[in-house]
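**Q** Here is what each chain is made of, one letter per residue.
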Amino acid sequence: MPDLLTAPWPWYVAGPLLGLFAPLLLWLGNRPFGVSSNLRHLCAAIYPRNLMHFRYDWKQEGSWNLMFVLGIVFGGVIAGVLLRNPDPIAISDATRETLTALGVRDLTGLVPDDLFAFSSLMTLRGVLILLGGGFLVGLGTAYAGGCTSGHGITGVADLQPASFVALAAFFAGGVAGTYVLLPLLLGIGG
Amino acid sequence: MRPRTIGLWVYLVVGIAFGVVITKAEVISWFRIQEMFRFQGWHMFGIFATALPTAILSVQVMKRRARTVHGEPIHLAPKQMGSGLRYVIGGVVFGLGWALVGACPGPLFALLGSGVPVMAPVLASALAGTWVYGLLRPSLPH
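Line by line, the protein sequences are chains A and B.
Under the working numbering, the first residue of the first sequence is numbered 1, with each subsequent residue one higher.
Under the working numbering, the first residue of the second sequence is numbered 1, with each subsequent residue one higher.
Everything labelled a hint here was simulated from the structure, so no lab data went into it.
Hints should not be assumed to be uniformly reliable.
Here are the simulated lysine to any residue pairs, SDA-like style, with alpha carbons at most 25 Å apart [as the list claims (entries may be wrong)]:
hint, chain 1, residue 1, chain 2, residue 2
1, B, K63, A, V180
2, B, K63, A, R84
3, B, K63, A, G29
4, A, K59, B, A120
5, A, K59, B, A124
6, A, K59, B, V132
7, B, K63, A, G62
8, A, K59, B, Q40
To spell it out: a stretch of chain A is covered by chain B in this simulated footprint if at least three of its residues, at any positions, have a beta carbon under 8 Å from a beta carbon of chain B; those stretches are [unchecked claim]:
hint, stretch
9, 44-51
10, 155-165
All residues carry an ideal CB built from backbone N, CA and C; glycine is no exception.
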């Protein structure tokens, strides 16, 4: 029984469940499922300065969504700490070999623990991958007006052409980042 | 006039469920994202291949047949296509970042809870990115 609770979920269980959040939030009050809007709400709450993009009533517009992402953090605690999967992620042997060749040493956790550590922020490599990557995520989702949730699931579910364009661009950028940018940055060395 | 809304705690509960699903699905794993972008495994593609039809079918049926819990018609604001440049350029920029940190915004929050505290500065950096967009917005093509 404990194994059942800590084991990861197969794609055919997780996928359909993931697809149900967009209709659920619509049913609960026409809320558009999407996470990156919260980055905007947080900017508007913390440091709007005089920027038009952040001058709006973020409490009125974003309270429900900020509660939603707070929930995501708690969900991470439940599934990633309390019911943590003790085994390494079952990625393909090919990926394992490629990443090892690129200098990724620790393949046991959810993320490479040697790279995703505070000590890593003392290295140029770590700063560029973690903070640089985070910056691009925030900049790109704001410019594109949505992320994998807002465009990739909600927009696509609503059959909006802009979201299909965005999803294709997400993927193109991801492949370019994986084959070009990441090897370059990993090569800087710890 | 404030629109009728349900209690905010409901969204907290839905968020918890979402966080559990993406964590247990390993969607938040840097390794799974690498496997996906390298086309070396089925897992992530299987998730998209089942999540998208589920979302499309349910949202389309709801828009035609269902109402919200308050009895309002289901409505989603359309995304303006414009020149489309914002979706292409913004999308590629996001994709590059997604490949590096191995997490899109939802997983950033889930990883923070999953015992990867270094995601806090990563999230702060994402906020900085969004803020810079707000700064540059008037001069960017949309």
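**Q** So, against the hints stated earlier in the document, which numbers end up violated here?
**A** 1, 2 and 8
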